[in-house]
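Q: Here is how the chains run, residue by residue.
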Amino acid sequence: DAKTTQPTSMDCAEGRAANLPCNHSTISGNEYVYWYRQIHSQGPQYIIHGLKNNETNEMASLIITEDRKSSTLILPHATLRDTAVYYCIVRANTGGFKTIFGAGTRLFVKA
Amino acid sequence: DGGITQSPKYLFRKEGQNVTLSCEQNLNHDAMYWYRQDPGQGLRLIYYSQIVNDFQKGDIAEGYSVSREKKESFPLTVTSAQKNPTAFYLCASSIGTLNNEQFFGPGTRLTVL
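Protein sequences, first through last, are from chains A and B.
Heads up, the first sequence is in the working numbering, so the first residue is 1 and it goes up one at a time.
Heads up, the second sequence is in the working numbering, so the first residue is 1 and it goes up one at a time.
Only chain A is shown next, with the shape it has when bound in the complex (with noise of 0.2 Å):
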């Protein structure tokens, strides 16, 4: 499975879009990205996944590249509760199973 290169932590001030970057330069064209977050001390929540295609849900956008080389999360109008680790994950929804949890990146949604 690609590895995937975020941000440490981010800034974003409340009400705002939030816009949360990830690389994954050495993906695979069976590759899906895939986004988690994690509020501190709960297991990880899924938000959404794509393949080249732009998606959109109840809870965010993805963005994805035209060379799929990099994407974007986009939380419209990030709330407080939105403070958590974002992972950003590729893999290819085929046979056998691992899939690489990062360190994310963490965002903090200010006030």
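Derived from the structure by calculation, the hints contain no laboratory data.
Where a beta carbon is used, it is the ideal one built from N, C-alpha and C, also for glycine.
There is no bait here: all hints are sound.
Among chain A residues calculated to face chain B with C-beta under 10 Å, some are:
| no. | residue |
| --- | --- |
| 1 | Y34 |
| 2 | Y36 |
| 3 | Q38 |
| 4 | S41 |
| 5 | G43 |
| 6 | P44 |
| 7 | Q45 |
| 8 | Y46 |
| 9 | H49 |
| 10 | V85 |
| 11 | Y87 |
| 12 | I100 |
| 13 | F101 |
| 14 | G102 |
| 15 | A103 |
| 16 | G104 |
Negatives, chain A to chain B, calculated, CB over 12 Å:
| no. | residue |
| --- | --- |
| 17 | A17 |
| 18 | N23 |
| 19 | T26 |
| 20 | E58 |
| 21 | E66 |
| 22 | T72 |
| 23 | V109 |
Position chain B against the provided structure of chain A, taking the given hints into account.
A: Quick look at chain B alone, frame taken from chain A:
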């Protein structure tokens, strides 16, 4: 409500004792997983199971054992052979391993004294 439960939330054990962490899901998911998380770090895969009566080692299986006798249950035993057992343990499940949308339990924080 459907979901994954882990119990207990906090667990204390003396060094040298085996301890079993519970994980139950009522989502009718085939696949279940165990992860370990150390402070300030990401998750590392211990074991996973794609189907009842089958399980595979993850990246850090040494010192751990699992069983999958029922679809709903995937208990993890931390044995005395695990050198640094104090950690936050997370259980997850998914419809299958072909789908990486995993649902996580609340976790068990194990402290070995």
